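Chains as they are written, first to last, in numbering that gives the first Met the number 0: chain A, 0 to 278; chain B, 0 to 250; chain C, 0 to 657.
Keep in mind that a hint or two might mislead.
[What the hints assert, rightly or not] Computed list of lysine-lysine pairs in DSS-like fashion (alpha-carbon distance at most 25 Å, straight line): (1) C:K427 <-> C:K474; (2) B:K15 <-> A:K237; (3) C:K51 <-> C:K427; (4) A:K274 <-> A:K237; (5) A:K237 <-> B:K225; (6) A:K236 <-> B:K15.
It should be emphasised that the hints constitute simulated quantities derived from the structure, not laboratory data.
None of these values were measured; they are calculated from a predicted model.
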Amino acid sequence: MSSADDEVSRQALTLATELNEPIGAIAIAGDYAPAAWARSIAEEVQRQAPSAVLAPGTDRGNEVLAHLAAMLEAPMAANCVSIALGDPATVTRIRWGGSLLEDARVHGSPLLATVAPHAVTAQPADLEVTRLTPSEDGAVTVAEHIPTTSSGVSLADADVVVSGGRGVGSAEGFAVIEELAALLGGAVGCSRAVTSAGWRPHTDQVGQTGTKISPEIYIACGISGATQHLAGCKGAKKLLAINPDAEASIYASADYAVIGDLHEVVPAISAEIRKARGA
Amino acid sequence: MNILVCVKRVPLTGGKIVLTEDARAISTRHLGFTVSPHEECGAEEAVRLVEQHGGSSTVLTLGPPEAEEQLRDMMAIGLDRAVHLVTAAEEWDPQATAAAIVDAIRAEPEPYDLLLFGNESADAGNYQVAIRVAHALQLPCVTGVKGLAVHDGQVRCEQEVQDGRDAYDVPLPAVVTVKEGLNLPRYPSVPGRLRAKRKPVDTYTPVRRESRLEMVRLHLPPGSGKQVEVLGRGPEAAPAVVGVLRELGVV
Amino acid sequence: MLGAAVLVSAGLFARRVQTLTGVLRAAQPVSRAGNVPRRVRNEATVVLGQSKLLSRLGPGLAHAFIFWGFLVLLPTIVIAMIGVVDKTATLPWLGHQGWYALLVDVFAVLVLLGVLAALWIRKVQRPRRFEGSHLGEADLILALIATIATTLLLWHATRIALGLNEWPRAWSPVSYALSHLFGTGQATRVLERVFVWAHVLTILVFLAYLPRSKHLHIFIAAVNVWYGRTGPGGRLEPVDFEADDADIRFGSGSAADLTFKEVLDTFSCTECGRCQDACPAFATGKVLSPKLVIMGLRDQVLAQEQSTLVPDAVPAESVWDCVTCGACVEVCPVSIEHVDQIVDLRRHLVMVESSFPTEAEPMLRDIERASNPWGRAQSERAEWAAELGVRVLEPGDRAPEYLYWVGCASSFDERARRTAQSTATLLKAAGIDFAILGPREACTGDPARRMGNEYLFQAMAEQNVAVLNEAEVTKVIANCPHCFNTLANEYPDFGGRYEVIHHSELLAQLVRDGRLAPTQDGHAVTYHDSCYLARHNDVVEGPRELVAAVGRPVEMARSGKNTFCCGAGGAHMWMEERGGSINLERVNEAANTGADTLAVACPFCTVMLDDGVQSAGEKIRVVDVATLLAERIDDDAPARRGERVDDDAPVRRGERPA
Numbered sequence: 000m001s002s003a004d005d006e007v008s009r010q011a012l013t014l015a016t017e018l019n020e021p022i023g024a025i026a027i028a029g030d031y032a033p034a035a036w037a038r039s040i041a042e043e044v045q046r047q048a049p050s051a052v053l054a055p056g057t058d059r060g061n062e063v064l065a066h067l068a069a070m071l072e073a074p075m076a077a078n079c080v081s082i083a084l085g086d087p088a089t090v091t092r093i094r095w096g097g098s099l100l101e102d103a104r105v106h107g108s109p110l111l112a113t114v115a116p117h118a119v120t121a122q123p124a125d126l127e128v129t130r131l132t133p134s135e136d137g138a139v140t141v142a143e144h145i146p147t148t149s150s151g152v153s154l155a156d157a158d159v160v161v162s163g164g165r166g167v168g169s170a171e172g173f174a175v176i177e178e179l180a181a182l183l184g185g186a187v188g189c190s191r192a193v194t195s196a197g198w199r200p201h202t203d204q205v206g207q208t209g210t211k212i213s214p215e216i217y218i219a220c221g222i223s224g225a226t227q228h229l230a231g232c233k234g235a236k237k238l239l240a241i242n243p244d245a246e247a248s249i250y251a252s253a254d255y256a257v258i259g260d261l262h263e264v265v266p267a268i269s270a271e272i273r274k275a276r277g278a
Numbered sequence: 000m001n002i003l004v005c006v007k008r009v010p011l012t013g014g015k016i017v018l019t020e021d022a023r024a025i026s027t028r029h030l031g032f033t034v035s036p037h038e039e040c041g042a043e044e045a046v047r048l049v050e051q052h053g054g055s056s057t058v059l060t061l062g063p064p065e066a067e068e069q070l071r072d073m074m075a076i077g078l079d080r081a082v083h084l085v086t087a088a089e090e091w092d093p094q095a096t097a098a099a100i101v102d103a104i105r106a107e108p109e110p111y112d113l114l115l116f117g118n119e120s121a122d123a124g125n126y127q128v129a130i131r132v133a134h135a136l137q138l139p140c141v142t143g144v145k146g147l148a149v150h151d152g153q154v155r156c157e158q159e160v161q162d163g164r165d166a167y168d169v170p171l172p173a174v175v176t177v178k179e180g181l182n183l184p185r186y187p188s189v190p191g192r193l194r195a196k197r198k199p200v201d202t203y204t205p206v207r208r209e210s211r212l213e214m215v216r217l218h219l220p221p222g223s224g225k226q227v228e229v230l231g232r233g234p235e236a237a238p239a240v241v242g243v244l245r246e247l248g249v250v
Numbered sequence: 000m001l002g003a004a005v006l007v008s009a010g011l012f013a014r015r016v017q018t019l020t021g022v023l024r025a026a027q028p029v030s031r032a033g034n035v036p037r038r039v040r041n042e043a044t045v046v047l048g049q050s051k052l053l054s055r056l057g058p059g060l061a062h063a064f065i066f067w068g069f070l071v072l073l074p075t076i077v078i079a080m081i082g083v084v085d086k087t088a089t090l091p092w093l094g095h096q097g098w099y100a101l102l103v104d105v106f107a108v109l110v111l112l113g114v115l116a117a118l119w120i121r122k123v124q125r126p127r128r129f130e131g132s133h134l135g136e137a138d139l140i141l142a143l144i145a146t147i148a149t150t151l152l153l154w155h156a157t158r159i160a161l162g163l164n165e166w167p168r169a170w171s172p173v174s175y176a177l178s179h180l181f182g183t184g185q186a187t188r189v190l191e192r193v194f195v196w197a198h199v200l201t202i203l204v205f206l207a208y209l210p211r212s213k214h215l216h217i218f219i220a221a222v223n224v225w226y227g228r229t230g231p232g233g234r235l236e237p238v239d240f241e242a243d244d245a246d247i248r249f250g251s252g253s254a255a256d257l258t259f260k261e262v263l264d265t266f267s268c269t270e271c272g273r274c275q276d277a278c279p280a281f282a283t284g285k286v287l288s289p290k291l292v293i294m295g296l297r298d299q300v301l302a303q304e305q306s307t308l309v310p311d312a313v314p315a316e317s318v319w320d321c322v323t324c325g326a327c328v329e330v331c332p333v334s335i336e337h338v339d340q341i342v343d344l345r346r347h348l349v350m351v352e353s354s355f356p357t358e359a360e361p362m363l364r365d366i367e368r369a370s371n372p373w374g375r376a377q378s379e380r381a382e383w384a385a386e387l388g389v390r391v392l393e394p395g396d397r398a399p400e401y402l403y404w405v406g407c408a409s410s411f412d413e414r415a416r417r418t419a420q421s422t423a424t425l426l427k428a429a430g431i432d433f434a435i436l437g438p439r440e441a442c443t444g445d446p447a448r449r450m451g452n453e454y455l456f457q458a459m460a461e462q463n464v465a466v467l468n469e470a471e472v473t474k475v476i477a478n479c480p481h482c483f484n485t486l487a488n489e490y491p492d493f494g495g496r497y498e499v500i501h502h503s504e505l506l507a508q509l510v511r512d513g514r515l516a517p518t519q520d521g522h523a524v525t526y527h528d529s530c531y532l533a534r535h536n537d538v539v540e541g542p543r544e545l546v547a548a549v550g551r552p553v554e555m556a557r558s559g560k561n562t563f564c565c566g567a568g569g570a571h572m573w574m575e576e577r578g579g580s581i582n583l584e585r586v587n588e589a590a591n592t593g594a595d596t597l598a599v600a601c602p603f604c605t606v607m608l609d610d611g612v613q614s615a616g617e618k619i620r621v622v623d624v625a626t627l628l629a630e631r632i633d634d635d636a637p638a639r640r641g642e643r644v645d646d647d648a649p650v651r652r653g654e655r656p657a
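So that you can see chain A by itself, here it is in the shape it has in the complex (with noise of 0.2 Å):
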């Protein structure tokens, strides 16, 4: 899978380590088949009777837990940032992206569950692994893989996230987020209300249903920070606003605002880190 399934994989394996419960790893070789996957997984907790069955709150780990449950018959959380387990299991888990938790008890064992990203630092482990090689007849498997065309930073792993909202005003309007993004060698993101102006292709959405970023820095310009949007940059390190609404409900997720138009202040971030470097 990819290495953002690995890091949550570790963040999964660093929570259930926090169970104190003896902890077995799976690793699966092959191609991705969730279903296929899913089967040798089942077959292990046959043989191995777990008490609970972890996975990272990725799309490929909710996939492939999804399809265990299935199989099994058993309940599943999805996404969980805090697991107790029991007769029945409890859980914490996120719903709205982030935005809300829901406490949950899970009756079935074993404990089927993935972890939500940044819900615990991944601490180094020193495990047993199992290694698996499902069988793939019949399985719904990657038929091919369409490498990504178009250079630049993915917004999925920069370092920087420049983003515009409604108060942008235009397309031509994100020159100057544009601007911003490529001196400080970042992305440009943008909130849904201008993906559905058309403004900027859905891929460059930054929310719950759009792109989940988490870089070092966020730069929220002219969004005023809708609960979906704020879903899509909880792994934002640090998140600045500039927005001229001294109440915009952003604030209270930011770390640094500036109150102003950001058709003023963009620039002259730019600007001044031109004169930073030039001189």
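Fit chains B and C to the supplied structure of chain A, relying on the hints for placement.
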């Protein structure tokens, strides 16, 4: 082609989430509602596929009586008929939801070639209803699809992954979950809305299985404890901003 | 022979008229009955009195001379025809009146003067308003008119020379003077016949040409003025969605969809271009010209083809450039209603074809789903009032004397919010019993309606009327002119009848009554009239009283009902602007007055003009009259929320309360 799209009625939460007194639901007083975003794209895709390949499309929801509004909205963009599994106000867990949807599909006169779901619902985000339905109906399933094309009884599905796209070729009938970005949902015409008012909605009372993922209560995440630092107003704040960026090592 | 000529001309005239009336009869119905006294008054002032034309004195007088001349000279057509047959006969009674002969002489000369002036304007001055008009056609018409007047005078001159006239020369000074050109012999006898025949034949040619040219307006204009709107300019006609699907008229998609009044509009257009001159979109280099819209529609109507109006008759950009300011309608001398036409084009594009600028889609979806075009949660709607102790009306509460309708802009936009805060503070200070609906106040639907999404508008109207009626609201203070217009003029169509007053008018009343006592500071303040207040609803004085109470008013040239739009109307608050900036144009005008404060009475104007000031780098301060008033009521007034008032520094936007 005979296509089914499953949708869910979710509230539009705005900038803050407020809970009911018993903390078992979001307070939806003064909130608007919509079809969950991924599913809207699924509905649009169904309409396009029928426009391309002929056939018919059905929209289904498991939800309270008010969810009829979402069914009518989907029929306004071109879905031909609707199935409403009417529930009381309390939400159902994903296993029970999937089981009820499977019951409804089995009760339908014609089998479906393609069953479209959202990758996850905006509110509960359980990521599993479609996969459970696929297993119950013994159909292949691809999730997180952002590109879809049907030809010769097969569907090619594209997922976005880290360094590009992964494509799956799956024989129909199949279950596919889609993500927003698959397409741009059309804006319904008023004649479409008026026709939708008269399109058939089959209502059923679904059988509810016992809840095994049992929601106890909801609560807001702890405040970040962040105290936002105002770096300044207007362009004069630029030097302060660059100072921060320097500290973070990005300048 | 005369008879044959008359028959041919009349026949050609009649055939064309039949075609035109056929088109009119086939047009969609519209109810423009009622209010007869007002219609009669319009005929008297606009048609007979040429009031709209005379607002520009030069061209207005030129046309008035020609028009009044035409009226006065009408009987001379019959007199000339009688004269063709029998040179000694004339109209009974009128033909023998010396005073009429004098009138004829005078007006024939005035007509010629009018024509000369018109030619000078068109050929020498060449104003921009004629760009796109068919000038050749106009030249021909002017030539025909000049010929008619000239041949008339010359005919009279020859008759005088031949001794055929019957009254003293004092009654026909001009003709008499001309008569010196002619002798008494055979040549003059021949010329007398030549001139009378030329006169009559020119008239007959003109008659046949008339309904095939824009000169048709001489008959149609008076009819169009009769059918003109007598109610407030801001009200749009609702669509009846309850009718059978096949009978619902979703605006204008093809020529067959136009209403009777709309077809009449296209027949009335003289291509004078006053609307084009007044249009803020045209003035800032956009595609839209209201004149070209009407001309384009006219061509399609007459061609009677099954085509789509957009883009065949009118380009899509023209339809979307419009800010519905109504300046075109205000100046049109023949009562064409361009805004109604454009909105009808929008209705079809939006409701049937779902074809409209993409950037407006989030706004429409947000009004529908979130009940406001900002897409914010309604639960946050009353946050601006949090610390002001404003009563929020819950279901079942006692109705207040006034319901203060805040509007979405003042609820959610940081600049417009101050207006609501100032107004609420002032109302409390004056002891007014009022409440707001808070989260239960949904968008009035104005942006949806102006975009052409009548269906969404009606849904919002019905929802709001239900809330207001259930709360037993009788009087409404509207914060925003667009809300004001919709609540006062459009909600009655949906069962909502309230006494609606704009906040500036109520505040002016309170100042007049001494319940609020502001202090003067002598600052030069220029007031920008909002289109939806001044032009569409005649609210001009109230806000000016407030300005005069706190500062020294300085007027811009384009003020009152002649105001120049800020650019936000017609849902343009949410659409991108192609071409130059309407708001910049207006900001420059304001800055040129030398005032340091630009007062407004509308949240859209506040945002647009403040944006313009920032873009232009000007120092003028944009502020609502309510805030101006609040600042001059009491130095510790809560309205300023702890801000220091520094009269030398313009207050920055988005100022955070301390």
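Now the hints, each set against the structure:
1. For the hint pairing K427 (chain C) with K474 (chain C), the CA-to-CA distance comes to about 17 Å; that is within 25 Å, so the pair holds.
2. Between K15 (chain B) and K237 (chain A), the direct Cα distance comes to roughly 20 Å. Compliance with the 25 Å bound is thereby established for this hinted pair.
3. Distance restraint check for K51 (chain C) and K427 (chain C): the Cα-Cα separation of roughly 44 Å exceeds the 25 Å cut-off, and the hinted pair is therefore not satisfied.
4. Distance restraint check for K274 (chain A) and K237 (chain A): the Cα-Cα separation of roughly 24 Å lies within the 25 Å cut-off, and the hinted pair is therefore satisfied.
5. Between K237 (chain A) and K225 (chain B), the direct Cα distance comes to roughly 10 Å. Compliance with the 25 Å bound is thereby established for this hinted pair.
6. Between K236 (chain A) and K15 (chain B) the alpha-carbon distance is near 21 Å, which keeps this suggested pair within the 25 Å criterion.
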